[in-house]
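S.K.: Each chain, written out:
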Amino acid sequence: MKVRVRFFARFRELLGTDIIAEVAERTTLPDLIKHVAEKNTEGHNAIFDEYGQFREYVILMRNSRRIDTEDASKNIVADGDDIAVFPPVAGG
Amino acid sequence: MLTERERDRYKRQMMLFGDEGQELLKKAHIFIAGAGGLGSPVSVYLAVAGIGTLTIVDRDVVDQSNLNRQILHYDRDIGRKKTESAEEKLMAINPDITVRVIDTTIEEKNAGDLVGKADGIIDAMDNYPARYLLNNVAIRKKIPLFHGAICGFYGQATTIIPGQTACLACIFPKAPPKEVFPVIGVTPGLIGMVQATEVLKYLLKNGELLTNRLFIWDGKQAHAEEICMVRDPRCTACGSLYETQGNKR
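From first to last, the protein sequence lines stand for chains A and B.
For what it's worth, our numbering labels the leading residue of the first sequence as 725, then goes sequentially.
For what it's worth, our numbering labels the leading residue of the second sequence as 332, then goes sequentially.
It is possible that some hints are incorrect.
Pair ranges (Cβ atoms, derived) [to be verified]:
no.: 1; chain 1: A; residue 1: R789; chain 2: B; residue 2: G538; range: 22 to 32 Å
no.: 2; chain 1: B; residue 1: V511; chain 2: A; residue 2: E780; range: 16 to 26 Å
no.: 3; chain 1: B; residue 1: A423; chain 2: A; residue 2: T752; range: 51 to 61 Å
no.: 4; chain 1: B; residue 1: H554; chain 2: A; residue 2: E766; range: 19 to 29 Å
no.: 5; chain 1: A; residue 1: E749; chain 2: B; residue 2: R471; range: 41 to 51 Å
no.: 6; chain 1: B; residue 1: I424; chain 2: A; residue 2: D806; range: 36 to 46 Å
Hints listed in this document are in silico derivations from the structure and should not be mistaken for laboratory results.
Yeah, the Cβ is synthetic: ideal placement off N, Cα and C, and Gly gets one too.
Make the full structure from the sequences, and use the hints.
M.R.: Here you go:
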């Protein structure tokens with residue numbers, strides 16, 4: 725099963741973007757992101773805290789719909805999903 | 332009523348929206364929170380477009396390290412109040428408008444009074460706690476909020492119409508950590524232009540606003556993206572507003 729993961733801004737610099745990930749059936753959204761992010765510790769730690777939970781400001785979209793990071797583990801990814809992960813920027 | 336001088340000054344844009352549109356801009360009052368990286372380009376372009384009254388609030392003095400992006404301030408202004416520097420430049424750019432500057436920190440206790448009866452609020456801040464204050468004022472007073480933020484080559488913008496669209500707290504319920512952000516002047520230049528364009532469209536009632544959409548700009552890839560946003564019915568900032576409007580959920 726293939727899903728597309730796109731990172732933005734700083735996450736993109738650390739992890740790349742437009743990643744096609746091959747995942748097993750019944751993979752949850754957090755497990756997918758962890759799988760894709762594990763190649764870069766800094767990138768992983770920018771998205772997840774020390775308990776492996778999404779950092780509270782991370783924005784997660786699945787097929788253009790916002791997913792609350794607290795509910796992400798209830799989301800089982802499906803073939804062809806488009807997942808976007810990004811941090812809000814703060815400067816002005 | 333437009334003067335002959337104004338008619339001449341705005342001739343090329345009045346081809347787009349006529350006397351009537353220009354009068355709308357002249358009558359408008361826009362509140363700009365911050366005279367820095369975003370506030371500079373936004374205020375310059377709103378001034379040249381002929382927005383009748385601009386109120387600009389900033390608490391800082393010009394520092395040498397601001398000058399790579401804060402185009403309202405010149406080398407000679409280092410050490411000067413940003414509000415003073417902004418007022419001087421904007422009045423020189425367009426003496427036919429009114430520029431009000433207030434040298435203060437935007438806080439919970441003064442934010443509502445500072446915004447007053449403005450027709451729109453420009454978020455040109457550099458931190459989320461201040462942005463949430465502006466968001467609350469926008470919701471309370473039902474004044475549109477034009478959000479922009481940047482980091483490095485990346486930027487984002489959205490337009491918030493209280494009572495109708497997702498608010499800043501619906502989109503970003505949790506603030507990212509405060510940091511000294513890297514920035515190259517072109518990024519706030521570009522995002523500031525998105526914000527200023529939105530203000531003009533809103534005032535002119537012309538075009539499709541950037542509402543319920545987050546515009547995301549990646550300057551490194553020269554790629555723009557937009558992400559649909561929806562109002563959060565549990566939003567701590569705007570949830571109650573909708574309830575009082577008869578549950579328009």
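S.K.: With reference to the structure, classify each hint as holding or not holding.
M.R.: Do the hints match the structure? See the list:
1. A:R789 / B:G538: 22 to 32 Å: holds (26 Å)
2. B:V511 / A:E780: 16 to 26 Å: Check passed, 21 Å falls within 16 to 26 Å.
3. B:A423 / A:T752: 51 to 61 Å: holds (59 Å)
4. B:H554 / A:E766: 19 to 29 Å: holds (23 Å)
5. A:E749 / B:R471: 41 to 51 Å: For A:E749 and B:R471 the Cβ distance comes to about 49 Å; the hint holds.
6. B:I424 / A:D806: 36 to 46 Å: holds (44 Å)
Hint compliance for this structure: every hint is met.
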